[in-house]
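S.K.: Chains as they are written, first to last, in the UniProt record's numbering: chain Y, 1 to 994; chain P, 1 to 180.
Rather than coming from a laboratory, the hints here were simulated on the basis of the structure.
None of these values were measured; they are calculated from a predicted model.
Idealized CB from N, CA, C, for every residue including glycine.
Heads up, a few of these hints could be off.
[Said to hold, decoys possible] Listed next, with one range per pair, are the computed distances between beta-carbon atoms:
id : chain 1 : residue 1 : chain 2 : residue 2 : range
1  : Y       : Asp894    : P       : Arg139    : 40 to 48 Å
2  : Y       : Trp104    : P       : Ala130    : 55 to 63 Å
3  : Y       : Gln635    : P       : Ile8      : 48 to 56 Å
4  : P       : Pro56     : Y       : Gly864    : 35 to 43 Å
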Amino acid sequence: MSQSFRIAGAGRLSAAETLSFTFDGKAYAGLAGDTLASALLANGVHLVGRSFKYHRPRGILSAGAEEPNALVGIHRDEARKTPNVRATVQELYEGLTAVSQNRWPSLSFDLGAINSLAAPLFSAGFYYKTFMWPRAAWEKLYEPAIRRAAGLGTAPDKPDPDRYSNRFAHCDVLVIGGGAAGLSAALAASESGASVILADEQAEMGGALRFEAGAVIDGKPGWEWAQETVARLAARGNVRLLTRTTGFGYYAQNMLGLVQRLTDHLASPDPDAPRERLWQVRAKRVVLATGAIERHMVFPDNDRPGIMLASAARTYLNHYGVAVGRRVAVYTAEDSAYAAALDLARKGVTVAALIDLRASPEGPHVEAVRAAGIEVLAGHAVTGTEGRLRVRRVCVSAPDRGVHREIEVDALLTSSGWTPAVHLFSQSRGKLAFDEETQRFLPGQYVQDAVAVGACNGTMDLATTVEEGLRAGEAAAREAHGGRTRKLKLDARSAERWSAGMAGAAPGAGAGMAFVDFQNDVTAKDIRQAVREGMRSIEHVKRFTTTGMATDQGKTSNLHGLAIAAEMLDKPIPEVGLTTFRPPYTPVTFGALVGHARGKLFEPTRRTPIHAWAEAHGAVFEDVGQWKRAWYFPQAGEDMHAAVARECRTVRQAAGIFDASTLGKIEVVGPDAARFMELMYTNPWEKLAVGRCRYGIMLREDGFIYDDGVVGRLAEDRFHVTTTTGGAPRVLNHMEDYLQTEFPHLKVWLTSTTEQWAVIAVQGPKSRDIIAPLVEGIDISDAAMPHMSVREGRVCGVPARLFRVSFTGERGFEINVPADYGQAVWEAVWAEGQKHGACAYGTETMHVLRAEKGFIIVGQDTDGTVTPDDAGLAWAIGRNKKDFVGIRGLRRPDLVAPGRRQLVGLKTVDPKTVLEEGAQIVADPNQKVPMKMIGFVTSSYWSENCGRSIALALVENGRSRIGEHLFVPMPNRVIEVEVTSTVFFDEKGERVHG
Amino acid sequence: MAEAARRIPPLEGRSFEGQGIALLPAPPASRLSLRAPESSRPALSKALGLDLPAKPKSTAANGARAALWLGPDEWLVTDETGADLPSVCATVTALHSAVDISHRNVGILVSGARAEDVLNAGCPQDLSLARFPVGAASRTVLGKVEIVLWRTGAEAFRVECWRSFSDYVFSLLEAAAREN
């Protein structure tokens with residue numbers, strides 16, 4: 001069977017360009033320009049899937065994005081297995097491999113179909129009622145079982161290898177939808193030079209002109225006019241045409257999300273090309289030309305393969321040249337389906353009957369159908385269908401006349417009318433208005449700068465559609481861009497009208513399964529039952545029955561469901577309500593939303609100027625915020641413990657070199673710099689001499705420690721402030737916030753200089769000897785440059801700020817040089833250091849050495865509830881200061897009450913035991929659980945220099961407990977500790993002075 | 001005395017050239033974060049030899065020196081001859097703050113017919129010539145980081161970012177540039 005349903009002389013595809021593809025392993029041929037759906041239909045294949053709940057055989061309902069049934073998996077390779085692809089939008093490419101879903105063992109024989117026999121059990125609300133109890137069984141038993149039995153495709157199990165992209169764009173006029181309305185709007189809008197973006201979800205612009213055979217615009221057949229218009233627009237520099245691009249979300253301030261599919265239609269895409277691109281468009285004016293969606297008729301067994309929308313059958317015939325059957329019937333309650341009967345008949349397809357629910361349809365289309373020899377059964381209903389894997393018989397009756405007939409067919413086309421696609425309008429927060437006359441929801445009150453034109457605005461005929469498009473485009477361009485526009489006129493003619501038709505169930509839908517929502521297997525009966533069980537609002541009906549909650553978001557079904565509920569409630573439709581339209585309009589991949597932000601580009605990785613050297617010297621890195629910091633430098637055969645022990649020893653015996661470049665730095669400059677510092681820190685600054693440094697503590701308004709760091713005064717009006725690595729951005733924000741809102745009268749400015757300077761810390765007894773040969777213009781003797789001082793001069797011939805500071809308790813310097821010189825200066829220091837037995841050390845050693853000295857790390861030994869006094873830093877509060885941020889917080893009763901947790905040292909009774917950080921501390925280990933916890937360990941290390949473990953902890957009344965023994969209960973034992981001072985090494989603090 | 005240390009810019013050796021797009025690290029330059037009230041603008045302008053712009057999104061240039069308006073009291077001053085900008089401002093007694101950020105920032109030159117398009121992969125601003133003309137500059141974002149964007153020609157931009165973000169910025173621009 002090779003494309004036996006392709007009709008010679010029909011459609012727009014070239015018969016010469018054949019493509020091969022497979023569906024469930026079977027090979028087929030199609031044509032370039034086909035969708036998977038049209039290619040399958042060309043081969044007579046209607047059965048493409050099994051339904052979600054009942055596993056009923058399903059075919060292709062539509063020819064577009066609204067498709068609820070024809071969901072397949074597209075498998076390109078091991079990693080590229082896309083589930084739930086609508087066959088109606090997947091373009092065919094050479095070698096395409098498609099598989100059906102939700103069936104076992106095969107599509108034509110599916111054991112899951114037994115669910116269909118148990119259908120009475122699976123009625124509305126079934127899940128809620130049946131799987132209530134026992135609660136634990138939901139997760140372990142019910143949910144996995146339901147997921148296996150009812151479902152869609154299988155998610156791919158490999159990482160997505162494709163690239164995705166993002167573009168921000170701005171335009172005067174954004175037109176969504178490239179049918180007659182959208183093309184007219186874009187044409188008029190771009191006349192004046194306004195910047196226009198026109199997006200359409202299909203491979204080619206043209207919209208419904210694809211199937212509307214009789215349309216004539218500007219004297220040309222509609223489709224031909226559309227393509228010529230596209231060419232005209234493409235030639236204009238102010239127009240960007242985006243095909244295969246769905247406008248899926250309408251957000252605040254005329255920001256729309258568009259997703260452009262770039263490679264899914266290609267047989268072998270360029271690996272560098274992104275698969276999809278997210279467009280985030282900010283438009284001054286938006287023209288919505290999103291068309292309308294045809295609804296099916298709701299009657300018993302309306303879901304058999306071969307039953308499809310009338311407009312879809314026309315699309316397959318008029319565009320793809322495919323007849324959806326050889327002997328078809330049409331079932332409708334409105335006018336536009338007549339054209340389907342005529343189109344098919346003209347191409348030689350037998351139209352067995354046209355069944356119209358209306359008692360006496362009239363008009364030229366009725367005459368034309370009759371004239372074509374097609375029997376019109378007015379006032380008749382389809383009360384059932386037969387055929388296991390494909391419809392083969394339609395049961396027709398007119399009960400009031402006692403007529404019952406069975407008609408043999410291989411396809412049945414249905415149409416109950418058109419639903420304006422108001423999704424984006426509604427997402428824009430525009431209010432929908434219910435049109436009594438036509439029983440439709442239409443755009444009512446706009447809240448953004450948008451306008452809906454054509455079918456999505458409820459317009460039923462082509463001439464008005466084109467006129468609306470032209471005028472809207474013109475107005476949008478004038479308002480957004482200005483300038484004069486030529487008033488365009490286009491003559492458009494078509495005999496067709498897209499009427500509202502009827503919504504709800506057709507007569508006879510009460511018996512059997514008359515599907516409203518195909519994808520979630522919701523029938524008219526389910527909706528009626530929901531109402532009977534007390535659901536009054538459509539929101540409740542929706543959740544109870546799951547109607548409209550599938551991946552198609554109820555594009556074909558929502559209005560039917562609403563109408564049935566309204567009928568049951570005996571209320572007008574608007575009183576029952578309308579469910580909310582939410583983005584995305586059609587499913588959007590996570591890849592498109594993520595865009596470039598994955599792998600290396602997920603988040604910036606910040607490296608210091610010395611990173612490359614550290615890497616080359618075997619450093620193991622740790623992440624500190626976005627920074628990579630050298631953690632330790634293991635030598636051959638060393639584990640972390642050995643490396644850190646060696647580094648710790650070496651620093652105190654000789655010297656160590658440490659990359660401190662990530663420390664936050666802020667330059668505070670201006671005549672009021674000292675006054676500002678007084679306000680931001682607890683310490684006094686006015687009297688700090690130029691060239692001296694001070695350790696500063698910054699509080700939040702509530703009195704708790706926010707950050708700390710050493711600050712050097714470079715001049716009367718200039719401070720070099722350092723912050724913690726992780727605190728750099730928030731400390732600058734905090735300072736800037738206070739400067740702008742609380743202290744705007746101060747003449748001072750803040751500049752981040754974190755990245756201006758590479759910082760090389762040289763710590764240890766030999767530190768001065770190491771740097772001496774490299775320093776120029778600074779006297780670094782202990783007398784001239786004591787601990788806590790700063791000088792400007794040159795190091796290795798480049799400008800430097802040299803700090804005499806210490807976070808180790810040893811004599812220490814921090815060399816600040818402009819960042820690009822960092823590596824070279826480091827190498828020079830390293831070379832000198834080698835002569836004195838120095839080592840490079842990382843953050844772990846830095847942590848241990850500072851803990852030996854009882855220096856806190858904000859965020860480790862503090863947790864946002866620790867005051868300076870709690871941390872033993874009351875000395876850093878300027879006693880005579882009248883104001884600083886947090887001064888009033890410090891006076892709060894609970895902050896001055898006795899019994900607060902205070903930072904102390906802990907020594908384990910067994911010196912070899914290293915406590916766990918975060919472990920809780922109790923006074924009596926034999927008390928009953930839950931025990932009273934009086935504190936916890938904040939820092940804990942093996943100290944090579946002390947020859948034992950050391951720890952810092954926050955303990956209730958800690959300082960008054962020094963000498964006491966406390967206990968740390970662990971899962972397998974209780975560890976006894978002695979409370980000590982926080983200083984474990986060089987208690988007198990002499991070494992820092994050299 | 002040791003010989004002067006070698007300068008190693010973070011993007012040393014990086015570049016990308018594609019259809020209609022070229023990415024190149026800018027040569028080292030002197031940079032100043034200059035903060036001052038309106039009243040100091042004339043004195044500072046005179047010392048710097050250019051008219052510090054007062055309008056948002058605008059720049060002023062004089063030879064190799066330029067000043068980019070970043071805020072009501074803030075400019076990024078650049079000098080491609082490596083002039084000692086802090087010393088220039090030190091002669092001005094009018095109230096101001098001048099902080100050397102020559103090494104804090106890294107410049108990336110983005111040029112070609114696709115420059116706008118590539119930048120819009122991560123920058124949400126309208127970069128059309130009408131809205132972001134030659135000479136316009138703005139502190140904005142590119143992907144997840146802050147940048148300063150300066151249009152130096154119809155098809156030429158200069159991106160300034162902090163040193164440690166330059167790998168991210170260059171890589172993001174390169175990813176966008178690779179898509180045709």
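S.K.: Each hint: holds or not?
M.R.: Structure-based check of all given hints:
no. : hint                              : verdict
1   : Asp894/Y <-> Arg139/P: 40 to 48 Å : holds (42 Å)
2   : Trp104/Y <-> Ala130/P: 55 to 63 Å : holds (59 Å)
3   : Gln635/Y <-> Ile8/P: 48 to 56 Å   : violated (26 Å)
4   : Pro56/P <-> Gly864/Y: 35 to 43 Å  : holds (38 Å)
Checked against the numbered hints above, the structure violates only hint 3.
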